[in-house]
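Just need the whole structure built from these sequences, with the hints factored in.
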Amino acid sequence: MRKVAIVGTGLVKFGNYPERGIRKMAEEVLFEALTDAGARPEDIQVAYCGTNGFSSDTPDMQGPISFSQVGIAGIPILQLKNGCASGSNAFREAWISLQSGLYDVALVLGIEKLSAPTMEMIKLAASMGGGDGELEGSMGFFPPGIFAMFARHYMDDLGVTREQLAKVSVKNHFHATLNPYAHYPKNVTVEEVLSSRPVTSPLNTLDCCPIDDGAAAAVLVSEDVLSKFKQRPVWVVGSAQTSGTYPEEGNIGDTDTTRRAVAIAYEMSGVGPTDIDVAEVHDCFTPAELMHYRDLGFCKDIQEAAYWLEKGYTYLGGKIPVNTSGGLLAKGHPLGATGVAQICEIVQQLRGEAGERQVDNARVGLTHNGGGFRQGDVGSVCVHILQK
Amino acid sequence: MTTKLNWDGGKLVNPDFFLTGEDGSVSLRGGVCATCNKYFFPYKEICTVCFQKTVKETPLSGRGKLVSWSVASQPSIMGLESPYCFGYIDLEEGVRIYSLLEVKDNNFEVLYKGKELQMTMGFLYQNITGEDIYTYKFTPVETINGGGD
Numbered sequence: 001m002r003k004v005a006i007v008g009t010g011l012v013k014f015g016n017y018p019e020r021g022i023r024k025m026a027e028e029v030l031f032e033a034l035t036d037a038g039a040r041p042e043d044i045q046v047a048y049c050g051t052n053g054f055s056s057d058t059p060d061m062q063g064p065i066s067f068s069q070v071g072i073a074g075i076p077i078l079q080l081k082n083g084c085a086s087g088s089n090a091f092r093e094a095w096i097s098l099q100s101g102l103y104d105v106a107l108v109l110g111i112e113k114l115s116a117p118t119m120e121m122i123k124l125a126a127s128m129g130g131g132d133g134e135l136e137g138s139m140g141f142f143p144p145g146i147f148a149m150f151a152r153h154y155m156d157d158l159g160v161t162r163e164q165l166a167k168v169s170v171k172n173h174f175h176a177t178l179n180p181y182a183h184y185p186k187n188v189t190v191e192e193v194l195s196s197r198p199v200t201s202p203l204n205t206l207d208c209c210p211i212d213d214g215a216a217a218a219v220l221v222s223e224d225v226l227s228k229f230k231q232r233p234v235w236v237v238g239s240a241q242t243s244g245t246y247p248e249e250g251n252i253g254d255t256d257t258t259r260r261a262v263a264i265a266y267e268m269s270g271v272g273p274t275d276i277d278v279a280e281v282h283d284c285f286t287p288a289e290l291m292h293y294r295d296l297g298f299c300k301d302i303q304e305a306a307y308w309l310e311k312g313y314t315y316l317g318g319k320i321p322v323n324t325s326g327g328l329l330a331k332g333h334p335l336g337a338t339g340v341a342q343i344c345e346i347v348q349q350l351r352g353e354a355g356e357r358q359v360d361n362a363r364v365g366l367t368h369n370g371g372g373f374r375q376g377d378v379g380s381v382c383v384h385i386l387q388k
Numbered sequence: 001m002t003t004k005l006n007w008d009g010g011k012l013v014n015p016d017f018f019l020t021g022e023d024g025s026v027s028l029r030g031g032v033c034a035t036c037n038k039y040f041f042p043y044k045e046i047c048t049v050c051f052q053k054t055v056k057e058t059p060l061s062g063r064g065k066l067v068s069w070s071v072a073s074q075p076s077i078m079g080l081e082s083p084y085c086f087g088y089i090d091l092e093e094g095v096r097i098y099s100l101l102e103v104k105d106n107n108f109e110v111l112y113k114g115k116e117l118q119m120t121m122g123f124l125y126q127n128i129t130g131e132d133i134y135t136y137k138f139t140p141v142e143t144i145n146g147g148g149d
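Read top to bottom, the protein sequences are chains Y and X.
Oh and the first sequence: position 356 is 356 in my numbering, straight run, nothing missing.
Oh and the second sequence: position 52 is 52 in my numbering, straight run, nothing missing.
Calculated from the structure, these hints are not laboratory results.
Nothing here was measured: the structure is a model prediction, and the numbers come from that model.
Where hints are given, some of them may not hold.
A few chain X residues facing chain Y, derived, Cβ under 8 Å [what the hints assert, rightly or not]:
#1 L66
#2 S68
#3 V71
#4 A72
#5 Q74
#6 S76
#7 M78
#8 Y84
#9 F86
#10 G94
#11 V95
#12 V103
#13 K104
#14 N106
#15 T135
#16 T139
Far from chain X by the CB rule (all over 12 Å, computed), these chain Y residues [to be verified]:
#17 A151
#18 K167
#19 R374
Using N, Cα and C, we set each Cβ at its ideal position, and we do this for glycine too.
Printed below as a string of structure tokens:
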């Protein structure tokens, strides 16, 4: 397997920017990533753009339009639309393109604008993005619904309390106060989560990620050409993607899609859950983060995951800090940008550049990003393990 | 014993989901593989277990047990008024199906994992040309058996 490193990243603060479109966000993060890498546009041999194109008149062209903002055109450019996992899948395809030996330098952009020109487009994105429009989506299903059912299983069958779910939001909002890139850098209390407006039982608005805009970029190079760039590599030692199997039995919240991806990534990298110093996981809704503690092998079951949260083990300074960026809940979730932003957070942590949210001696980090759903299972899960 | 459900012909969200009889009855249009006996909903031609093109159309019993559910507090983009309840049901035939759930007086507190439900038909939304659209829903069996309206 070729050794592949991330040598540059770029990120904008997530938020709602009606005056700032795709072009401006792309120009900013791509310039930052290339400059950070010591790269020039002509160094890039292949480019991937993870985006769902909800707000744009030209969703098919968001990649070419974005990359041409920094003078990159003519090379192979591909867009990936994989729901909330678009960014990490774009990153993985870039990694695979270098593994193939066909290329040595790849650029990845994750970008999304959900504060759209029309309310209909925002609602459509929020309500049907990533589901099965011919079946569930045609009869009232919407994204928080599946996670609401996870919460129901954890609470009704496994004894997790409503307050414990709320504490995921409390933790991630606290971390966001330390992150200049976060959309909602403001503490919330358990009471505020429980009294926020109901969305779908038992989840309220503060149990749910926001609808916002953002972009993130990364430059990947093979070891063969590393010396041409600024020497602060973060190595990609594990990469895996799985998709759901949609079982027709068992509890909703128990499918093994994440566990299968994680097993592949750990095997490839030679590290295990106890080696992870910091992790960015897909906390789209509060119950999801508990599931990820279990599925990433940090905890043996959901009950232990809730216990870890209670004890503060996943706070900055704890056993394994999770979502030091603020996660999807508080940093934000502009769909295509998220997977790449998770990579940026881990790179900053491993380089020692995470400022107030720095995890001491971080050497191994993990990103976990999921997207799409039907029949109680997720569409795609993508896991990466990075090492200094 | 399955109660026969009647349908007076209002527009369905997707006619492929339903089998309607000449006697005015309606049921879910499932499939059963003649080779390996696996059931499917919606109906499909090719069996995903044995990879044979031997799936036959069959009406499903419309009886099952609740797996999980949630009650939405906001109207959906499709025009469903809130609150509305949706969930997954494990049918007798071994098929897991998504459905809206109808409970008398919206008293969703009566729901629990494993509760026995029965298929019914109900209003979904009015489409952009003003037509009323209907679909299948699931409701507690006691509603059908005379315990409710």
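The hints, checked one at a time:
1. Taking 8 Å as the C-beta contact cut-off toward chain Y, the hint placing L66/X at the interface is violated, the least distance being around 11 Å.
2. For S68/X, the interface hint holds, the least distance from its beta-carbon to any beta-carbon of chain Y being 4 Å, beneath 8 Å.
3. Nearest Cβ of chain Y to the Cβ of V71/X: about 4 Å, under the 8 Å cut. The hint holds.
4. Satisfaction of the interface hint for A72/X is found here, the shortest Cβ-Cβ separation to chain Y being roughly 4 Å, below the 8 Å cut-off.
5. Contact between Q74/X and chain Y, as hinted, is supported at the beta carbon level, the nearest pair being about 7 Å apart and thus within 8 Å.
6. A distance limit of 8 Å between C-beta atoms decides the matter here; for S76/X the minimum to chain Y is near 5 Å, and the interface restraint holds.
7. Among the interface hints, the one on M78/X holds; its C-beta lies about 6 Å from the nearest C-beta in chain Y, closer than the 8 Å criterion.
8. The criterion of a C-beta within 8 Å of any C-beta in chain Y is met by Y84/X, whose closest approach is roughly 6 Å, and the hint holds.
9. Annotation: F86/X was flagged as interfacial toward chain Y, and the flag holds, the nearest CB pair being 5 Å apart, inside 8 Å.
10. Given the 8 Å rule on beta carbons, the hint for G94/X holds: about 7 Å separates it from the nearest Cβ of chain Y.
11. Proximity of V95/X to chain Y holds as hinted, the smallest CB-CB distance being about 6 Å (cut-off 8 Å).
12. Interface restraint check for V103/X: the shortest CB-CB distance to chain Y comes to about 13 Å, outside 8 Å, so the restraint is violated.
13. At about 18 Å, the closest approach between the beta carbon of K104/X and any beta carbon in chain Y exceeds 8 Å, and the interface hint on this residue is violated.
14. At a threshold of 8 Å, the smallest CB-CB gap from N106/X to chain Y is about 12 Å, leaving the interface hint violated.
15. The closest approach between the C-beta of T135/X and any C-beta of chain Y is roughly 6 Å, which is under the 8 Å cut-off, so the hint is satisfied.
16. Annotation: interface hint on T139/X violated; nearest CB of chain Y at approximately 15 Å, more than 8 Å.
17. Distance check for A151/Y against chain X: the nearest CB is about 8 Å away, which does not clear 12 Å, and the non-interface claim fails.
18. Distance check on K167/Y: its Cβ is at least 21 Å (rounded) from any Cβ of chain X, clearing the 12 Å threshold; non-interface status holds.
19. Distance check for R374/Y against chain X: the nearest CB is about 9 Å away, which does not clear 12 Å, and the non-interface claim fails.
Comparing the model with each earlier hint shows violations of hints 1, 12, 13, 14, 16, 17 and 19; every other hint is respected.
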